[in-house]
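Asks: Sequence:
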Amino acid sequence: MTREKIKNLIQKAIQKAQQEKKLTKFKIPEILVEKPEEKIHGDYATNTALKIARIGKMSPMEIANLLGSRLQVLGSQLFEKVKIVEPGFINFFLSKEYLQREVEGILREGEEFGKLEIGKNQKVNAEFISANPTGFLHLGNGRGAFFGDCLSNIIEKAGYKVTREYYINDAMGNSQIKILGKTALGKGITYLTKDLQSKIKKLSPKLRLAADEGEAGFLLSQGIQKDIRDFIKKKLKIKFDKWISEENFYRKSKIKKVYDMLRKKELVYRKEGAEWLKISKFGAKKDEVIIRQTGEPTYFLSDVAYHQDKFERGFSKIINIWGADHQGHVPKMKAAAKILGFRGDFDILISQIVRLKKGKISKRRGKIVTLEWLIDEVGLDAARFFYLMKSLNTQMEFDVELAKERSAKSPVYYVQYAHARIASILRKTKNQKQKTKNLHLLSHPPELNLIKQLIRFPEVVEDTAKDYQIQRIPQYAIDLATVFHQFYRDCKVLSEDKELTEARLGLVLATKNVLKNTLYVMGISAPERM
RNA sequence: GCGCCCAUAGUUCAAUGGAUAGAACGUCAGAUUGCGGAUCUGAAGGUUGUAGGUUCGACUCCUACUGGGCGCACCA
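Note that our numbering has the first sequence beginning at 15, numbered continuously upward.
Please note that the accuracy of each hint is not assured.
[Said to hold, decoys possible] In the DSSO-like style, the derived pairs of lysine-lysine whose C-alpha atoms are separated by at most 27 Å in a straight line are:
{"#": "1", "residue 1": "Lys97", "residue 2": "Lys65"}
{"#": "2", "residue 1": "Lys30", "residue 2": "Lys95"}
{"#": "3", "residue 1": "Lys53", "residue 2": "Lys36"}
{"#": "4", "residue 1": "Lys110", "residue 2": "Lys21"}
{"#": "5", "residue 1": "Lys95", "residue 2": "Lys26"}
{"#": "6", "residue 1": "Lys97", "residue 2": "Lys137"}
{"#": "7", "residue 1": "Lys110", "residue 2": "Lys35"}
{"#": "8", "residue 1": "Lys220", "residue 2": "Lys129"}
{"#": "9", "residue 1": "Lys480", "residue 2": "Lys331"}
{"#": "10", "residue 1": "Lys271", "residue 2": "Lys295"}
{"#": "11", "residue 1": "Lys278", "residue 2": "Lys299"}
{"#": "12", "residue 1": "Lys53", "residue 2": "Lys65"}
{"#": "13", "residue 1": "Lys71", "residue 2": "Lys41"}
{"#": "14", "residue 1": "Lys278", "residue 2": "Lys266"}
{"#": "15", "residue 1": "Lys247", "residue 2": "Lys208"}
{"#": "16", "residue 1": "Lys41", "residue 2": "Lys129"}
{"#": "17", "residue 1": "Lys192", "residue 2": "Lys271"}
{"#": "18", "residue 1": "Lys240", "residue 2": "Lys256"}
[Unchecked claim] Cβ pair distances, simulated, as ranges:
{"#": "19", "residue 1": "Arg420", "residue 2": "Lys247", "range": "35 to 43 Å"}
{"#": "20", "residue 1": "Leu223", "residue 2": "Glu125", "range": "47 to 55 Å"}
{"#": "21", "residue 1": "Lys215", "residue 2": "Lys442", "range": "53 to 61 Å"}
{"#": "22", "residue 1": "Leu223", "residue 2": "Thr308", "range": "20 to 28 Å"}
{"#": "23", "residue 1": "Lys352", "residue 2": "Glu286", "range": "47 to 55 Å"}
{"#": "24", "residue 1": "Lys36", "residue 2": "Glu94", "range": "23 to 31 Å"}
{"#": "25", "residue 1": "Tyr283", "residue 2": "Thr38", "range": "39 to 47 Å"}
{"#": "26", "residue 1": "Asp493", "residue 2": "Lys352", "range": "39 to 47 Å"}
{"#": "27", "residue 1": "Glu125", "residue 2": "Lys53", "range": "26 to 34 Å"}
Keep in mind the hints are simulated off the structure, nothing from the lab. Idealized CB from N, CA, C, for every residue including glycine.
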């Protein structure tokens with residue numbers, strides 16, 4: 015990774031300066047290398063000199079000059095030049111030769127390009143969607159669904175082993191399930207869809223034997239859950255590794271076990287006829303009921319049991335993606351994690367609500383908009399892209415009109431078009447195999463620009479795996495497509511010049527590869543034709 | 001009342017404490033006897049909600065306020 019190489023060089027330069035006694039000895043802080051906004055500031059830049067000015071007891075410019083001259087020598091393989099700028103930035107300009115070699119690397123690595131090792135031998139658990147098995151998925155579920163799936167892909171790309179997990183709140187004691195049971199037994203007041211009516215009809219022999227509304231609800235929820243599962247698999251194209259049933263925790267008396275364990279730790283007390291867990295001692299605002307007056311366990315207790323189960327499975331990182339309506343639950347669960355003694359990363363992400371952007375389409379006021387409706391309306395690729403474009407913690411408005419657009423107006427088609435265009439060029443050549451010939455001929459600005467964008471892909475993967483800011487990926491895809499189209503306009507790929515044609519075919523293949531990898535992590539198709 | 005999230009271009013959104021705050025759509029003006037014009041080039045458009053603070057430097061961190069969303073169950 016280019017950025018990593020530069021970081022290492024800076025570190026070496028500091029050490030060297032220290033050995034030569036030009037700099038005082040100090041512990042080197044974390045080195046930041048970024049891509050400057052302005053081209054005149056180079057391809058990469060660092061503020062290291064500004065950062066260490068105080069501990070080094072020298073002016074930023076002095077340090078920058080000190081490091082700059084050493085970096086020039088140390089990085090002769092990478093840089094065309096290293097420039098020092100007020101107030102102390104060091105700007106790096108990559109050399110043509112370096113960029114040309116990178117194209118070779120991208121072609122060699124193919125689908126593996128962008129794969130990192132930062133998560134080597136580590137397991138991650140990502141739980142998302144986990145909708146109630148009593149109805150259909152809504153727009154908000156879609157956000158968690160695609161975010162969770164894409165984040166999982168990214169984390170996998172970073173080298174972790176990811177388990178995608180879905181938790182089903184199907185316990186017979188749950189009030190939703192009981193309400194559903196009432197409906198199943200004909201005692202409900204809720205509106206019945208045709209689908210629900212036929213499900214109930216099919217189940218009627220079993221329902222007659224059901225002990226209570228809880229069991230009836232459970233039976234009906236299984237049918238509903240099966241539909242949700244099929245929908246997720248076939249229409250959302252998300253593959254979960256594990257489907258976990260809450261009811262199953264009860265049947266295996268795991269909830270009882272956790273309860274006993276909490277009692278043993280003397281964290282449970284009685285008040286007002288209920289039993290409370292002392293989570294206020296572990297960072298929560300107040301204690302929480304785990305056993306009701308009626309003697310039934312609460313959802314919180316079963317969720318603690320579920321997390322105990324997760325914590326025991328050897329993950330170094332556990333990620334939960336919850337809807338905004340669950341945010342009050344976060345400190346409680348974090349407190350529980352402390353009680354259970356989980357030592358890995360425990361990240362709970364909250365996805366804010368989703369609305370439809372006002373337009374001709376959203377006349378469906380009053381009706382709840384289902385995710386299925388949206389997918390049918392705009393298509394899976396566009397839905398995924400649009401959901402992913404926005405940061406998880408801002409409320410989003412889904413622009414259905416724009417997402418439906420099958421033209422350059424829609425960013426997803428713009429990106430896919432770049433891929434299809436390359437495929438079209440390749441169709442016109444006989445030899446479509448990997449080209450690593452004559453890459454030294456790539457020296458036009460649009461060519462070099464394109465390469466610079468290509469080599470950023472692993473950096474984007476790294477950043478996103480670390481900070482979960484998924485919106486970076488679609489933005490990267492748009493940027494990549496843009497520089498490709500610029501290249502395409504200025505540089506004809508197939509020409510009389512055989513050697514140059516070979517070189518450009520190599521570049522174009524590398525671009526196709528990176529576009530494909532980018533679309534892949536978003537779960538979006540990379541079409542050969544459109 | 002308390003807690004969490006948000007406020008950035010006409011709109012939808014970006015921007016690790018860095019340099020002239022960026023995209024997309026919309027608007028306006030251009031480009032093609034060319035590998036897919038489903039493309040490209042350019043322009044207009046901003047006091048980053050308000051007021052303070054922290055520092056070499058703040059959209060970003062802190063405090064107070066204003067406005068919006070979501071929570072604050074012996075629901076899940």
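Asks: Indicate, hint by hint, whether the structure satisfies it.
Replies: Hint check:
Between the alpha carbons of Lys97 and Lys65 the distance comes to roughly 17 Å, so the proposed pair stays at or under 27 Å and holds. A threshold of 27 Å between alpha carbons decides the hint, and for Lys30 with Lys95 the separation of about 19 Å falls inside it, so the pair holds. For the hint pairing Lys53 with Lys36, the CA-to-CA distance comes to about 31 Å; that exceeds 27 Å, so the pair is violated. With a C-alpha separation of about 20 Å, the suggested pairing of Lys110 with Lys21 holds against the 27 Å cut-off.
With a C-alpha separation of about 18 Å, the suggested pairing of Lys95 with Lys26 holds against the 27 Å cut-off. For the suggested pair Lys97 and Lys137, the alpha carbons sit about 42 Å apart, so the restraint of at most 27 Å is broken. Between the alpha carbons of Lys110 and Lys35 the distance comes to roughly 34 Å, so the proposed pair goes past 27 Å and is violated. For the given pair, Lys220 sits about 51 Å from Lys129 by alpha-carbon distance, which is inconsistent with the 27 Å threshold.
Under the criterion of a C-alpha separation no larger than 27 Å, the hint pairing Lys480 with Lys331 is consistent with the structure, at around 11 Å. Simply put, Lys271 and Lys295 have alpha-carbon atoms about 22 Å apart, close enough for the 27 Å limit, and the pair holds. Only pairs whose Cα atoms come within 27 Å are accepted, and Lys278 paired with Lys299 is accepted, the gap being roughly 23 Å. With a C-alpha separation of about 23 Å, the suggested pairing of Lys53 with Lys65 holds against the 27 Å cut-off.
For the hint pairing Lys71 with Lys41, the CA-to-CA distance comes to about 13 Å; that is within 27 Å, so the pair holds. At most 27 Å may separate the alpha-carbon atoms for a hinted pair to count; Lys278 and Lys266 meet this at roughly 20 Å. The straight-line distance between the Cα atoms of Lys247 and Lys208 is roughly 23 Å, inside the 27 Å bound, and the hint therefore holds. For the suggested pair Lys41 and Lys129, the alpha carbons sit about 31 Å apart, so the restraint of at most 27 Å is broken.
Between Lys192 and Lys271, the direct Cα distance comes to roughly 24 Å. Compliance with the 27 Å bound is thereby established for this hinted pair. About 14 Å separates the Cα atoms of Lys240 and Lys256, which keeps this hinted pair within 27 Å; it holds. Arg420 and Lys247 have their C-beta atoms about 26 Å apart, which leaves the hinted 35 to 43 Å range violated. A hinted range of 47 to 55 Å holds for the C-beta pair Leu223 and Glu125, which are about 53 Å apart.
In this structure, Lys215 and Lys442 meet the distance hint of 53 to 61 Å, their C-beta atoms being roughly 59 Å apart. Evaluation of the 20 to 28 Å hint for Leu223 and Thr308 yields a pass: the beta carbon distance comes to about 25 Å. Hint check: Lys352 to Glu286, Cβ distance near 25 Å, so the stated range 47 to 55 Å is violated. Distance hint check for Lys36 and Glu94: the Cβ-Cβ separation is about 25 Å, which falls inside the suggested range of 23 to 31 Å.
Taking the beta carbon of each, Tyr283 and Thr38 are about 57 Å apart, not inside 39 to 47 Å as hinted. At roughly 42 Å, the beta-carbon separation of Asp493 and Lys352 lies within the given 39 to 47 Å, and the hint holds. Hint check: Glu125 to Lys53, Cβ distance near 31 Å, so the stated range 26 to 34 Å holds.
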